[in-house]
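According to our numbering, the residues represented by the sequence shown are 1 to 136, in order.
No lab work stands behind these hints: they were computed from the structure. Each hint should be verified, as a subset may be incorrect.
[To be verified] Just the calculated beta-carbon pair ranges, DEER-fashion:
id : residue 1 : residue 2 : range
1  : G115      : D86       : 49 to 59 Å
2  : G116      : I35       : 15 to 25 Å
3  : N76       : R123      : 48 to 58 Å
4  : R123      : D11       : 55 to 65 Å
5  : N76       : L7        : 32 to 42 Å
6  : D21       : L46       : 47 to 57 Å
[Stated by the list, open to error] Under the rule of at most 20 Å between Cα atoms (straight-line distance), these lysine to aspartate or glutamate pairs were calculated in the EDC-like manner:
id : residue 1 : residue 2
7  : K132      : D86
8  : K110      : E125
9  : K108      : D133
10 : K97       : E65
11 : K72       : E107
12 : K63       : D133
13 : K108      : E125
14 : K124      : E107
15 : K110      : D93
16 : K47       : E34
17 : K104      : E65
18 : K27       : E125
19 : K27       : E105
All C-beta atoms, glycine included, are put in the ideal place defined by N, C-alpha and C.
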Amino acid sequence: MRRYKFLQKEDIYTALNRSRDAFLAAKNGTEVEEIINGLLTHDERLKIGRRILIAQYLTAGIKFEDIAKQLKVGRNTIVSVMKSLDEHGDFLDLINKRAQKVEKEYEKRKYNLIGGSKLIHKRKEYSGFRRKDVER
């Protein structure tokens with residue numbers, strides 16, 4: 001927050017509300033990707049993804065040293081993610097619940113069964129359905 005101490009509280013809340021509104025505007029994965037690519041740099045997207053991975057590793061019980069070695073992150077980053085988990089632990093549950101829903105929908109719709117009504121073993125054909133096509 002030191003970097004933004006020249007901003008007033010109202011300006012900070014307005015900026016945070018605008019970012020939340022931007023992410024809530026998406027109806028599906030394609031729109032989410034468009035918004036993320038438009039707002040965030042490649043580096044920022046990677047940092048967010050790596051923090052999510054760190055949180056998942058921490059909840060799985062993996063040690064600090066193993067996380068730091070595998071993801072090549074510093075101890076301070078791991079500690080800050082751990083503090084975020086302690087303060088706002090629901091965020092990881094929401095992410096995991098949505099990931100399971102997307103994966104379930106994708107597995108259900110990625111292949112079409114092709115063949116006549118009398119054919120017992122129908123042929124599977126890729127439908128072109130992608131994970132980002134899953135609706136909210």
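Hint by hint, here is what the structure shows:
no., hint, verdict
1, G115 <-> D86: 49 to 59 Å, "holds, 54 Å"
2, G116 <-> I35: 15 to 25 Å, "violated, 44 Å"
3, N76 <-> R123: 48 to 58 Å, "holds, 54 Å"
4, R123 <-> D11: 55 to 65 Å, "holds, 59 Å"
5, N76 <-> L7: 32 to 42 Å, "violated, 24 Å"
6, D21 <-> L46: 47 to 57 Å, "violated, 24 Å"
7, K132 <-> D86, "violated, 30 Å"
8, K110 <-> E125, "holds, 8 Å"
9, K108 <-> D133, "holds, 13 Å"
10, K97 <-> E65, "violated, 28 Å"
11, K72 <-> E107, "violated, 32 Å"
12, K63 <-> D133, "violated, 36 Å"
13, K108 <-> E125, "holds, 13 Å"
14, K124 <-> E107, "holds, 13 Å"
15, K110 <-> D93, "violated, 25 Å"
16, K47 <-> E34, "holds, 18 Å"
17, K104 <-> E65, "violated, 33 Å"
18, K27 <-> E125, "violated, 27 Å"
19, K27 <-> E105, "holds, 15 Å"
In summary, the numbered hints that this structure violates are 2, 5, 6, 7, 10, 11, 12, 15, 17 and 18.
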